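Number of protein chains: 2
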Amino acid sequence: MSPPSSERQRTSAPIYELLYYPGIPGRGEFIRLVFEATGTQYTDVANDDPPSGSRSNGYGVLQKALSPDITRDEFGNPPVFAPPMLRIVGAAKDGKPLLIHQTPNILLYLGEKLGVGGSDEAERLWINQLALTALDLNNECHDTHHPVAVMEYYEDQKDEALKKATDFRKNRIPKFFSYFERTLRGNQEGGGEYLISNKLSYADTTLWQVIDGLKFAFPKEMEARKADYPLLFGTFYRAVKERTGIKAYLESDRRLKYSNGVFRHYPELDRQ
Amino acid sequence: MSPPSSERQRTSAPIYELLYYPGIPGRGEFIRLVFEATGTQYTDVANDDPPSGSRSNGYGVLQKALSPDITRDEFGNPPVFAPPMLRIVGAAKDGKPLLIHQTPNILLYLGEKLGVGGSDEAERLWINQLALTALDLNNECHDTHHPVAVMEYYEDQKDEALKKATDFRKNRIPKFFSYFERTLRGNQEGGGEYLISNKLSYADTTLWQVIDGLKFAFPKEMEARKADYPLLFGTFYRAVKERTGIKAYLESDRRLKYSNGVFRHYPELDRQ
Numbered sequence: 005m006s007p008p009s010s011e012r013q014r015t016s017a018p019i020y021e022l023l024y025y026p027g028i029p030g031r032g033e034f035i036r037l038v039f040e041a042t043g044t045q046y047t048d049v050a051n052d053d054p055p056s057g058s059r060s061n062g063y064g065v066l067q068k069a070l071s072p073d074i075t076r077d078e079f080g081n082p083p084v085f086a087p088p089m090l091r092i093v094g095a096a097k098d099g100k101p102l103l104i105h106q107t108p109n110i111l112l113y114l115g116e117k118l119g120v121g122g123s124d125e126a127e128r129l130w131i132n133q134l135a136l137t138a139l140d141l142n143n144e145c146h147d148t149h150h151p152v153a154v155m156e157y158y159e160d161q162k163d164e165a166l167k168k169a170t171d172f173r174k175n176r177i178p179k180f181f182s183y184f185e186r187t188l189r190g191n192q193e194g195g196g197e198y199l200i201s202n203k204l205s206y207a208d209t210t211l212w213q214v215i216d217g218l219k220f221a222f223p224k225e226m227e228a229r230k231a232d233y234p235l236l237f238g239t240f241y242r243a244v245k246e247r248t249g250i251k252a253y254l255e256s257d258r259r260l261k262y263s264n265g266v267f268r269h270y271p272e273l274d275r276q
Numbered sequence: 005m006s007p008p009s010s011e012r013q014r015t016s017a018p019i020y021e022l023l024y025y026p027g028i029p030g031r032g033e034f035i036r037l038v039f040e041a042t043g044t045q046y047t048d049v050a051n052d053d054p055p056s057g058s059r060s061n062g063y064g065v066l067q068k069a070l071s072p073d074i075t076r077d078e079f080g081n082p083p084v085f086a087p088p089m090l091r092i093v094g095a096a097k098d099g100k101p102l103l104i105h106q107t108p109n110i111l112l113y114l115g116e117k118l119g120v121g122g123s124d125e126a127e128r129l130w131i132n133q134l135a136l137t138a139l140d141l142n143n144e145c146h147d148t149h150h151p152v153a154v155m156e157y158y159e160d161q162k163d164e165a166l167k168k169a170t171d172f173r174k175n176r177i178p179k180f181f182s183y184f185e186r187t188l189r190g191n192q193e194g195g196g197e198y199l200i201s202n203k204l205s206y207a208d209t210t211l212w213q214v215i216d217g218l219k220f221a222f223p224k225e226m227e228a229r230k231a232d233y234p235l236l237f238g239t240f241y242r243a244v245k246e247r248t249g250i251k252a253y254l255e256s257d258r259r260l261k262y263s264n265g266v267f268r269h270y271p272e273l274d275r276q
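Read top to bottom, the protein sequences are chains A and B. Basically this note's numbering = 1-based index in the first sequence + 4. Basically this note's numbering = 1-based index in the second sequence + 4.
In short, the hints are calculated from the structure, not lab data. It cannot be assumed that every hint is accurate.
Which copy is meant is left open, because identical chains are indistinguishable; a pair holds if it fits in one copy or across any two.
Unchecked claim - Pairs of lysine-lysine, DSSO-like flavour, derived with a Cα cap of 30 Å:
#1 K224 x K100
#2 K230 x K100
#3 K203 x K97
#4 K97 x K251
#5 K117 x K251
#6 K179 x K162
#7 K261 x K224
#8 K100 x K68
#9 K100 x K162
#10 K230 x K179
#11 K97 x K245
Everything numeric in this text was worked out from a predicted model, so none of it was measured.
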């Protein structure tokens, strides 16, 4: 007897399409790391070469999904505010593509599907709150070079950026890092390698990416502070970086270089 | 035959304790609205009068949970970064209290428990992404009066605040409002009253609170723009406000007045 069609669908691997700006890690990187850490097939639509001519303009797909005229897309998905987006082929009702956005929302979804979202209710909630907090730190880092107007140039808000970056380095970084260090210390079964339990979660990959980005953006500040957070900069940072899927990814050309995204290195904003 | 203990636990109502700063609506208000809309009993620990002397210092409970020495609390919960927090008595393993934080995380939890989080996977994800986006708007509004340093006075960052607020009013508000208006327009079964489906969700209460706060903070800007977003400022805003549980709450003395929290009215930051 052949299984019902819903059963058949479940046995074939879902097709994940990440829709994000090309050429920068940005907020898309939090999603990529989950795929790479779990060895999951995905398409990075705006960065991938067109597969045998079938998709000739990945960035066009992204732009289309962001059109300001959309009230519902052709498959019934509500409009998107901003990238990253994730399209999961066949995951919506009637086998249509499901389209979701908001980084923490995508992480929550993938965490459950790919086994990096916790093994019970408490773990799921704690992992989610840690990822949300790491993403808040990511956003505050972005605001150090764009404290006034996100669509204008850094060069037009340099004075404000210097004030914001100074406060960020002096007050915000220690507040966030202390919290994450204490979380690692309190999770004895994780041995400093995992924020929750003894298993990799999307909170780990997300926090790792923010620390890695901060090391690029504020190298002097990070160097001066790292001794205060030995688990965060030592055991934890290394454990995530050396993990099989992550290690191979970081060495590949799929890992995009930091440039003009969230994490930017302006020496004048770093510790002097 | 008596039910097993786990069954018995499930039949008694959970005890929800909101831990947030006293005296301001702030981010605690998003949580309160969900409780009030669903007629759910809860304790607002730092604002409630001590019940028969059993809790004489609600703010002390909050401060204790935020202690910078905590790596795990006495019940095994990981540390908290910032309020709001939600403590659910008996919800953790072995009947201990579960402690969670991060506004969108608490909303996600309550959305599922209280039936305002969507009826299938797609709805749950869309509601979550809408609430996250409304909370992003909330955070950007906060930054209009604190663009440089969150712990310093507005008076010490007034010049930067004027620039930030101008960009916020001119560019960010239309971007967010257009997105929410299109979402309402695309959801035909909601008739303009609901963002997703034809049922109240925590995305609705969260967006409503942000609009209500913006009307307080930027009354002239909102008045000038409301005709551009007829569903948002008309059908939707009214429907949530007039809903039984919400209406009674807004008329009660439990609804705290806006003052020096996220939403502040500085006439110089409003449209001139």
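| request: Since the copies are identical, ignore which copy is meant and state whether K97 and K245 lie within 30 Å (CA to CA) inside a copy, between copies, both or neither. | output: neither (38 Å within a copy, 32 Å between copies)
| field | Identical-chain pair category, K261 with K224, by Cα at 30 Å | value | The answer is within: 19 Å in one copy meets 30 Å, while 44 Å across copies does not.
| Status of K68 relative to K100 across identical chains (alpha carbons, at most 30 Å) | within (18 Å within a copy, 49 Å between copies)
| query | For K97 vs K251, is the C-alpha pair at or below 30 Å within one copy, between two copies, both, or neither? | reply | neither (37 Å within a copy, 35 Å between copies)
| said: Cα distance capped at 30 Å. Does K179 pair with K162 within a copy, between copies, both, or neither? | reply: Both ways: K179 and K162 sit 24 Å apart in one copy and 25 Å across, limit 30 Å.
| request: Using 30 Å as the alpha carbon limit, work out where K224 and K100 are close: within a copy, between copies, both or neither. | output: neither (49 Å within a copy, 44 Å between copies)
| query | Is it within a copy, between copies, both, or neither that the alpha carbon of K100 lies no farther than 30 Å from that of K162? | reply | This pair counts as neither: shortest intra-copy Cα distance 46 Å, inter-copy 50 Å.
| message | Within, between, both or neither: how does the pair K203, K97 come out at a Cα-Cα threshold of 30 Å? | response | So K203 and K97 pass the 30 Å test across copies only (19 Å; inside, 32 Å).
| request: Indicate which option fits the pair K117, K251 if close means a Cα-Cα distance not exceeding 30 Å: within, between, both or neither. | output: within (22 Å within a copy, 39 Å between copies)
| message | Reference check for the pair K230 and K100, CA-CA at most 30 Å: within, between, both, or neither? | response | Cα proximity of K230 and K100: none, with 48 Å in one copy and 35 Å across.
| field | Copy assignment of K230 with K179, given that the CA separation must stay at most 30 Å | value | Answer is within; shortest intra-copy Cα gap is 14 Å, inter-copy 39 Å.
Hint violations for this structure: numbers 1, 2, 4, 9 and 11, all remaining hints satisfied.
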